[in-house]
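The listed protein sequences derive, respectively, from chains A and B. Those letters in the first sequence? Residues 1 to 114, by the numbering used here. Those letters in the second sequence? Residues 115 to 225, by the numbering used here.
Wrong hints could be hidden among the right ones.
Which bits of chain A does chain B cover? Going by a derived footprint, with three or more residues having C-beta under 8 Å, they are [unchecked claim]: (1) 36-42; (2) 70-76; (3) 94-107.
Calculated from the structure, these hints are not laboratory results. Just so you know, even glycine gets a beta-carbon here, dropped at the ideal spot from N, CA and C.
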Amino acid sequence: NAGVTQTPKFQVLKTGQSMTLQCAQDMNHEYMSWYRQDPGMGLRLIHYSVGAGITDQGEVPNGYNVSRSTTEDFPLRLLSAAPSQTSVYFCASRRYRDSRETQYFGPGTRLLVL
Amino acid sequence: GEDVEQSLFLSVREGDSSVINCTYTDSSSTYLYWYKQEPGAGLQLLTYIFSNMDMKQDQRLTVLLNKKDKHLSLRIADTQTGDSAIYFCAALSSGTYKYIFGTGTRLKVLA
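Between the sequences and the hints, there should be enough to build the whole structure, so can you do that?
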């Protein structure tokens with residue numbers, strides 16, 4: 001298993017540009033989520049999905065869109081990048097079965113918006 | 115809204131025990147988690163505890179939960195230099211999929 005993979009590792013955008021951060025997992029986890037990590041603020045949930053075709057907003061969803069057409073993939077789209085979206089983005093997947101939880105985070109995407 | 119708080123820094127000597135503390139506000143939190151983040155990496159789930167438990171031990175890690183005070187702690191026995199990292203506490207509320215993370219505690223282990 002490759003676990004949770006994220007691409008790209010690093011990206012520089014200009015204000016107003018759009019881009020998609022990719023996230024994939026090969027563990028057949030139902031739950032996937034996107035977080036942003038900013039200094040001194042811990043991780044904040046952007047969007048999450050509990051299965052293919054089902055997504056919902058987290059704590060800070062504005063400026064981001066997601067879709068979940070397959071169990072494996074959960075891309076995060078920035079429609080019109082703003083400097084306030086400069087952050088490190090983490091994708092995570094989770095499975096809870098038989099009273100046991102397994103959870104994995106991707107290595108992160110560092111985004112700089114100029 | 116719900117909040118999770120942690121102290122920012124902790125420094126211990128190699129071989130000593132480390133205790134990292136966390137408080138949370140949501141009394142309906144059903145699961146409480148501890149994660150470790152090493153520089154430039156994602157978060158690694160270390161352990162978690164159900165809200166109906168008081169304690170959970172996993173090798174060098176001991177989690178204590180005081181539900182009345184909404185206080186969670188992570189004790190690392192025989193702390194090693196490889197334990198130097200940022201440790202995050204997180205809570206999951208009942209009936210939701212929304213995790214609330216603390217700001218992280220940076221643990222520095224001195225040789």
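Hint-by-hint comparison with the structure:
1. 36-42: holds (count 3)
2. 70-76: It is violated: at least three residues are needed, and the region 70-76 of chain A offers just 0 whose Cβ sits closer than 8 Å to chain B.
3. 94-107: Our answer is that it holds, as 7 residues pass the Cβ test (under 8 Å) against chain B, meeting three.
Checked against the numbered hints given earlier, the structure breaks only hint 2 and satisfies all the rest.
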